[in-house]
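Chemist: Here the protein sequences come in this chain order: H and Y. Just remember that the working numbering sits 9 ahead of the position in the first sequence, which is counted from 1. Just remember that the working numbering sits 294 ahead of the position in the second sequence, which is counted from 1.
Don't read these hints as lab results, they were simulated from the structure. Some clues are possibly wrong.
One side of the interface only, derived from the structure: several residues of chain Y facing chain H at Cβ under 7 Å [as the list claims (entries may be wrong)]: (1) P365; (2) E366; (3) A369; (4) R370; (5) H375; (6) G381; (7) F383; (8) T385; (9) L394; (10) W397; (11) V398; (12) N401.
Below are the DSS-like pairs computed for lysine-lysine, each with C-alpha atoms no more than 30 Å apart in a straight line [claimed, not checked]: (13) Y:K495 <-> Y:K371; (14) Y:K359 <-> Y:K348; (15) H:K169 <-> Y:K371; (16) Y:K445 <-> H:K169; (17) Y:K445 <-> Y:K348; (18) Y:K359 <-> Y:K445.
Over 12 Å on every C-beta distance to chain H, these chain Y residues come out as not near it, computed from the model [unchecked claim]: (19) Y307; (20) D324; (21) G333; (22) F361; (23) F411; (24) Y418; (25) G471; (26) L489.
Keep in mind that this is a model prediction, so the values were computed, not measured. Each residue gets a CB set at the ideal place from its N, CA and C atoms; glycine is no exception.
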Amino acid sequence: MTNFIQQIVSGLASGGIYGLLALAIVLIHRSTGVINFAQGEMATLSAFVCWTLVDHGWSFWPAFGATLLLSFAGGVTLQAVVIRPIQNGPLLGIVILTIGLLIAFNGLDTWIWGGAAKQFHGPFSTAPIRVGGVAFSKQDLGVIAVALIAVALMWLLFAKTRVGLGLRAAAVNPVESRLVGIRVAAMLALGWGLAAVLGAVAGVMAAPSLFLEPNMMQTVLLYAFAAAVLGGMDSPIGAVVGGLLLGVLLNLVGTYVHWIGGELRLATALAVILGVLLVRPSGLFGRTALRRA
Amino acid sequence: MSLLELRDVEARYGEIRALHGVSLTVDDGDFVALLGANGAGKTTTLRAISGTVKTSGDVMLDGSKVFRRTPEAMARKGVAHVPEGRGTFATLSVLDNLRLGAWVHGNASPRDLAHVFEFFPRLYERRTQQAGLLSGGEQQMLALGRAMMAKPRLLLLDEPSLGLAPLVAREIFGVLGQMHETGTTIVVVEQNAMLALSHAKHAYVLETGRVVLGGEAADLRQNESVRRSYLGY
Chain H
10 MTNFIQQIVS
20 GLASGGIYGL
30 LALAIVLIHR
40 STGVINFAQG
50 EMATLSAFVC
60 WTLVDHGWSF
70 WPAFGATLLL
80 SFAGGVTLQA
90 VVIRPIQNGP
100 LLGIVILTIG
110 LLIAFNGLDT
120 WIWGGAAKQF
130 HGPFSTAPIR
140 VGGVAFSKQD
150 LGVIAVALIA
160 VALMWLLFAK
170 TRVGLGLRAA
180 AVNPVESRLV
190 GIRVAAMLAL
200 GWGLAAVLGA
210 VAGVMAAPSL
220 FLEPNMMQTV
230 LLYAFAAAVL
240 GGMDSPIGAV
250 VGGLLLGVLL
260 NLVGTYVHWI
270 GGELRLATAL
280 AVILGVLLVR
290 PSGLFGRTAL
300 RRA
Chain Y
295 MSLLELRDVE
305 ARYGEIRALH
315 GVSLTVDDGD
325 FVALLGANGA
335 GKTTTLRAIS
345 GTVKTSGDVM
355 LDGSKVFRRT
365 PEAMARKGVA
375 HVPEGRGTFA
385 TLSVLDNLRL
395 GAWVHGNASP
405 RDLAHVFEFF
415 PRLYERRTQQ
425 AGLLSGGEQQ
435 MLALGRAMMA
445 KPRLLLLDEP
455 SLGLAPLVAR
465 EIFGVLGQMH
475 ETGTTIVVVE
485 QNAMLALSHA
495 KHAYVLETGR
505 VVLGGEAADL
515 RQNESVRRSY
525 LGY
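Chain Y extracted, bound-state conformation (with noise of 0.2 Å):
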């Protein structure tokens, strides 16, 4: 069953239309990357998802329409957004950080705090500064493992390579790997088409505010013009 459907999703910031209608199904426990070129709503789709940006058309969650899509509601709902510049609170410490992560479920668990210092051992060193001082990897494995704490159900994740060294990045999605074997289902746009392509389940490849392809992963590698635009070989 579908965890997240969008059917005909559209959206605007002020003038300018950056949604035509988008319409993606992606399945409980699935790993889906969004391919485009600049500008072609992949982030926008994202912040649709979580409610960051006015929208209309439906927004399905298991199956059923969410009416209230606030930031705040969808984050009640599951619904885990690590938006693009990690979007850390950067005079905050690396713990409160944390712990922000978890603010859905009350008071963050000790076990949840240990579990995400497993993964990032350099998170727990770095646990009493402040979040701005950190290293742009250890920024982005600071939004992962909040994100974690958060539990999601569905997580969202925009560019989580920029900026990173080649090293950092596959580290990272190692990590997204171990969380959607371990159930959550995730959505990543990703600039590294590559990168993407190599973790992800499916994948939906966006044009000027549209879905102009979609399909298994593996499918796509071997698409002709998928090849050519965005793997470059």
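Isolated chain H (complex conformation) (with noise of 0.2 Å):
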């Protein structure tokens, strides 16, 4: 019984992190229909600034605070620079091109860093913390907070202001947006800073316990595509209820189901992409928009 509450903890901590990068990629997908394949190299990148920022002696809550702000000017500046001159040409080779930027960052990562793994001090401590007889690691804990923090903030932003307004009618109707004076080209800019945000967030909360190396996020965004798909490609609280609940259901599959065990852990995912797409293609939260005929 213990064993299976802390394997909840720990499936929820990976889980807040696959469904941070999912709702990245949900974010830029709801609105212009572009599956970001880079969503995980920008987060290693990002990853990497905040370490820089660290080992150069910055104590980490204002190296996180300052490799957001560059994750967020990064991602407008992208959108901005590389994927508006095609925004109006055909989805797929935005899509292509968006597989050339993850290789592009792939290889600055390793051109600048290395391809040697880093330890990553995070802010938690990896000790346990006892609950009522049940050991819980004060980093597992700890990001799950962030990761729900960073979601509930990401809420108040979309549900709450006034740019959040103008974030969900550009997604949903651009055409008319322009007419009410949106200026839907900033405001898929913006899209594209937040998503890289959250990257940041996911990316700097996975490499103490993965390791920093350019290919760190590569299977983390497998596991985040699994987790958007289960949720619903269209749905903000789907991508992140579909994370807890991948990285949930992948610690007790792995623990529980002998045969399946760490190494098919990539395979249980796909197979929850398959299942999800033969049984509800809409995922859990995602809706064919509702209008009368």
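Hints in hand, dock the two standalone chains.
Modeler: See the structure below:
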């Protein structure tokens, strides 16, 4: 029983990271239909930036804050400089461009920081904390807390602010948005910036347990895709819930179904993708837009 | 003084020319109807004004030429365009749709919202519902309400009565009349020429991308060819 609860909590921690990255993917997908394959490598780059700041003597939280700001600026710039010029071209071209970006960022990381894995000391100790006989890792609880705070702030931004309303409107109906005066191009760039920030949170939170190296987020990206498909590609809440569910599911399956173990973790995630697409293609929370005939 | 003037405006969709040099003027405080058969260029004329189609020729607001004619720039200049098919934000709530109408003014003021709900009590009842679930008439009310939130100087409407029951269509035009009385300049494209001419002050008739006739709405109602082609008696 203790083990069961521990597995759930550590599943929620990795699931929180999948959920953050899935949310980043969903934010871009719902507004433009583009799947950003570079989202994971952008997160890795952010983690490297944070590591470098800490390595230069910054303490963690200021370095984290600066990393988020830089990631935001980077995401906005990337959209404006690389994506916008081909925005009106075929969707497939943009998606392939993001695969190119994946490779480019991966190469950039290796070029700057080398391929060897780095120890990233996170803000949370790995020491256990005991609650009623069950030991939780402080790191797991910290990651869960950070992920939930990030998601809550994102929700507040989208649901409660004027700019959030503009972001939602631009995603739903860009043509109409321009008619009411919304600068849709700016909203799309802002969306990329926010996605980059979410990815940065995921990357920095993942780095202490995964070891920082250029390929760090590649499998995480696949889990994030699985989470996004599970929750519904166009549902932000679905991405987060899908991530958490997937994290817990993978942990439990890995622990209790012995023939799966750690090696078939990724295969399990892909089975989830396939299962969801077969049974409920719109995902748990995805909905086809309601419209009266 | 004229609020809006088009001088020799041409527009094309790819290879197909939709406007062959449209010239017309709309006075401040005017209520203008654009009449014409399908494909005459009525919708494209509205789109030329709101910047949603690429055009050559001059669009003048308050007597000076507008150079940057993007939809968002025109919205900032006080032009509100309600396209055909209402064009609401289907998955957003009615309230969010109305708030978006006030985008160019910053946050929507509660007073303006209350004002719209006074005109359309139905929208208040349905304020938390998704706009896509409203009936056709309610969607048109929402589109109008959203335009009211923008407090536009110039309101462009495309086929506001399309697909609506005659009673609802008259209600919509009644609201347009009230907006006009409070100083909004209106340009409306309308298939129902009778309805349009009974509310508008002036009208233009378009044929194959050109203005072929223009004048006081009352005079056009008496005009022999307008009667035969558009009023049907």
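Chemist: For which of the previously enumerated hints does the structure constitute a violation, in increasing order of number?
Modeler: Going through the list in order, the structure violates no hint and respects every one.
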